[in-house]
Amino acid sequence: MNIKTAGFLKNSFSSRNRLREKAIYIILIASSLVAVGTTAGIILSLVFEAARFFTLVPITDFLFGLNWSPQTAIRADQIGSSGSFGALPLITGTLLISAIAMFVAAPLGLAAAIYLSEYASASQRSIIKPLLEILAGIPSVVYGFFAALVIAPFIRMSGSGFGLEIASQSALAAGLAMGIMIVPLISSLSDDVINAVPTALKDASLGMGATRSETIIHIILPGASSGIAGSMLLAASTAIGETMIVVMAAGLAANLTANPLDAVTTITAQIVALLTGDQEFDSAKTLSAFALGLLLFCVTLALNSIAHKIVKNYRVKYE
Amino acid sequence: MNRHFSVRSKHLATRHRFEVIFKWFGRISIFLALGFLVLMLAIIANMGAGALQQTRIALDVPLLQEGFDINYLDEADYDGLIKSALRQRFPDATSRSQKRQLNNLLSIEAPFTLKKYVLKNPDTIGSTARLWFIASDDVDLFFKGSIELAPEGNAGRLISEAVAWVNELKAAQAIKTVFNFNFFTGGDSREPELAGIFSALVGTALSLLICLAISFPIGVLSAIYLEEFVAKNRWSDFVEINITNLAAVPSIVFGILGLTIFINGFGLPRSSPLVGGMVLALMTLPTIIIASRAALRSVPISIRHAAIGLGATPIQTIFHHVTPLAMPAMLTGAIIGMARALGETAPLLMIGMVAFIVDVPDSIFSPATALPVQIFLWADSPERAFLEKASAAIIVLVVFLIIMNLSAIILRQKFQKKFCKNNF
Numbered sequence: 021m022n023i024k025t026a027g028f029l030k031n032s033f034s035s036r037n038r039l040r041e042k043a044i045y046i047i048l049i050a051s052s053l054v055a056v057g058t059t060a061g062i063i064l065s066l067v068f069e070a071a072r073f074f075t076l077v078p079i080t081d082f083l084f085g086l087n088w089s090p091q092t093a094i095r096a097d098q099i100g101s102s103g104s105f106g107a108l109p110l111i112t113g114t115l116l117i118s119a120i121a122m123f124v125a126a127p128l129g130l131a132a133a134i135y136l137s138e139y140a141s142a143s144q145r146s147i148i149k150p151l152l153e154i155l156a157g158i159p160s161v162v163y164g165f166f167a168a169l170v171i172a173p174f175i176r177m178s179g180s181g182f183g184l185e186i187a188s189q190s191a192l193a194a195g196l197a198m199g200i201m202i203v204p205l206i207s208s209l210s211d212d213v214i215n216a217v218p219t220a221l222k223d224a225s226l227g228m229g230a231t232r233s234e235t236i237i238h239i240i241l242p243g244a245s246s247g248i249a250g251s252m253l254l255a256a257s258t259a260i261g262e263t264m265i266v267v268m269a270a271g272l273a274a275n276l277t278a279n280p281l282d283a284v285t286t287i288t289a290q291i292v293a294l295l296t297g298d299q300e301f302d303s304a305k306t307l308s309a310f311a312l313g314l315l316l317f318c319v320t321l322a323l324n325s326i327a328h329k330i331v332k333n334y335r336v337k338y339e
Numbered sequence: 017m018n019r020h021f022s023v024r025s026k027h028l029a030t031r032h033r034f035e036v037i038f039k040w041f042g043r044i045s046i047f048l049a050l051g052f053l054v055l056m057l058a059i060i061a062n063m064g065a066g067a068l069q070q071t072r073i074a075l076d077v078p079l080l081q082e083g084f085d086i087n088y089l090d091e092a093d094y095d096g097l098i099k100s101a102l103r104q105r106f107p108d109a110t111s112r113s114q115k116r117q118l119n120n121l122l123s124i125e126a127p128f129t130l131k132k133y134v135l136k137n138p139d140t141i142g143s144t145a146r147l148w149f150i151a152s153d154d155v156d157l158f159f160k161g162s163i164e165l166a167p168e169g170n171a172g173r174l175i176s177e178a179v180a181w182v183n184e185l186k187a188a189q190a191i192k193t194v195f196n197f198n199f200f201t202g203g204d205s206r207e208p209e210l211a212g213i214f215s216a217l218v219g220t221a222l223s224l225l226i227c228l229a230i231s232f233p234i235g236v237l238s239a240i241y242l243e244e245f246v247a248k249n250r251w252s253d254f255v256e257i258n259i260t261n262l263a264a265v266p267s268i269v270f271g272i273l274g275l276t277i278f279i280n281g282f283g284l285p286r287s288s289p290l291v292g293g294m295v296l297a298l299m300t301l302p303t304i305i306i307a308s309r310a311a312l313r314s315v316p317i318s319i320r321h322a323a324i325g326l327g328a329t330p331i332q333t334i335f336h337h338v339t340p341l342a343m344p345a346m347l348t349g350a351i352i353g354m355a356r357a358l359g360e361t362a363p364l365l366m367i368g369m370v371a372f373i374v375d376v377p378d379s380i381f382s383p384a385t386a387l388p389v390q391i392f393l394w395a396d397s398p399e400r401a402f403l404e405k406a407s408a409a410i411i412v413l414v415v416f417l418i419i420m421n422l423s424a425i426i427l428r429q430k431f432q433k434k435f436c437k438n439n440f
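Protein sequence lines correspond, in order, to chains A and B. For the first sequence, the working numbering gives the first residue as 21, with consecutive numbering after it. For the second sequence, the working numbering gives the first residue as 17, with consecutive numbering after it.
Please keep in mind that the hints were generated in silico from the structure rather than gathered at the bench. Values in this document were obtained by computation on a predicted structure and should not be read as measured data. Take every hint as true, because none was put in to throw you off.
Just a few of them, taken from the derived set where beta-carbon distance is under 10 Å, the chain A residues facing chain B: (1) Pro159; (2) Val203; (3) Glu234; (4) Ile260.
For glycine and all other residues, C-beta sits at the position ideal for the given N, C-alpha and C.
Just chain A, same shape as in the assembly (with noise of 0.2 Å):
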């Protein structure tokens, strides 16, 4: 073989190569369009759907209206005339489950990280980090059954006792079952910004002869604030967003109050309500469910950005 053969098949080998990594790489482009593709179809399908829910229903009517009751549009003709979508009670329950949830979880869930990042010894984080993984592991449909079927019986037995009239569907069950649910959550999200606080600092505390304890709530809490704070409001989107526990535990029942004792209901709950089953696409009652959707994922998307601005922020004061 002389050298101009070789120098001819190591040409053609190379460009077929070239070829073949070239295809590589537009695979890789594709395959990371995919995310984005997921995104833009999110939002198309629920502003496109919500958009016609907002040609039947006025957006003011839906946002700012007392009245949740789309069960009421009985014939094809009456549509957008009767039946009422005013989201509030919607907006109220799911705020206040996520309060109760909140309540429990940020108090428990801080405690926890601090306790694991700076009291914790490396055999006992080795043990209670799996042990929170799995509690976060366990699904919300669990969740769900337990809150339905032993804590709210509980509660209102309980609440018997004191004489007092408590729903069979309380937000206080949805919202308990819902806090411990996010305990891990917010454990490992401010565990991670505890320890991203220079040692620098907690070491010139305690040198200075501040206890540990004192150490935590003077030095590290006051500069891991920010951090925490992000972790907050990740974990409440979670809470907003949650669905499952809402429809077992949480009901249907559209009531505006902010008693926790209440049976109130949830956008999440509600979207469920009304996609389950047979559905026509052109009934205000199927078509609201999108506008619900649409809601949630522009509220779940300002706190997520909000809280990923936050915690970015943070990192980089201490980078």
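The hints should help you fit chain B onto chain A, whose structure is shown.
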């Protein structure tokens, strides 16, 4: 941090006491969270333990010669045979409600059990067959002690006569519990005593396979692109923000996406594992991308330098050298993503995987349900016996999840050690 605080005013003893209290506050918080987990699983396990036991009742069924035509054995009146055998066993049932209750002692499956027996042993016709039939759910719950005896003598829906019959059977040792294989091999049923999780398990397995087949390759490839090839610019920032936000989108929104785009848009079959798997894949994609990127980042740069230095192209460097080293950590991410997809319920409700499915789905296009959805359906059912089934199904689900999470943890620890030891 610019807040001043004075320690001079406090006694050292007070400060140390506070230290102890503070430490215990953290301990108690962890204890509460983990204690709740243990309590919840223990209560559910206790509720569901009964579903592993199936109550059987022994009944002598006289197989009279005149009841059968030897050529048409499967057309005999097996239901009538069971009924008359029951009447013979408990002749005191006279009123209408008593008779109805008597026929309700056994599951509606009993005639089929008898038929199967006769078809298998045609030579027993003419004699009396003693068979163990599956008891109805009411008898089952009462016999296992899940329903207490009311002061009026009845137990749940069992009238006092029926309670007496069960007690009589107990005295005659003609009632017993056996391991409930049917729970693991049967599909859903309107009758709680016959309901099983097998069809839901198959639905879950098919959905997860599709989910893995879509999300793992796409996730790893996009991680490679984002981590190894793209320059840091506006576009990469956009994709990055996109993925972080996608990870936090509520799962139900993915369900809406599946409903509008996959089912209404592409016309894919509703309730099918195909659509379920696709929706779950989109949901797990961010998890896998984030884990894979971290995995690629942890591979030492010296590997890349060595490969490039020996003349490998960038694509060869990544696919032949970097990705194989990052694979264990990528797999860990995939397992965690799959574990989350396994428990996901809300998006599957949206795409109609809530139907009542008896048959085992035979393809990815046939209607199916999934294990968590089955739990939701049973928990929602008014029949008390289904609660037992739902609890048992939860235990099965949790066992799967713990296995997956533990294997992810073990894999991760192994992987971490490897890079530390060799110290590239």
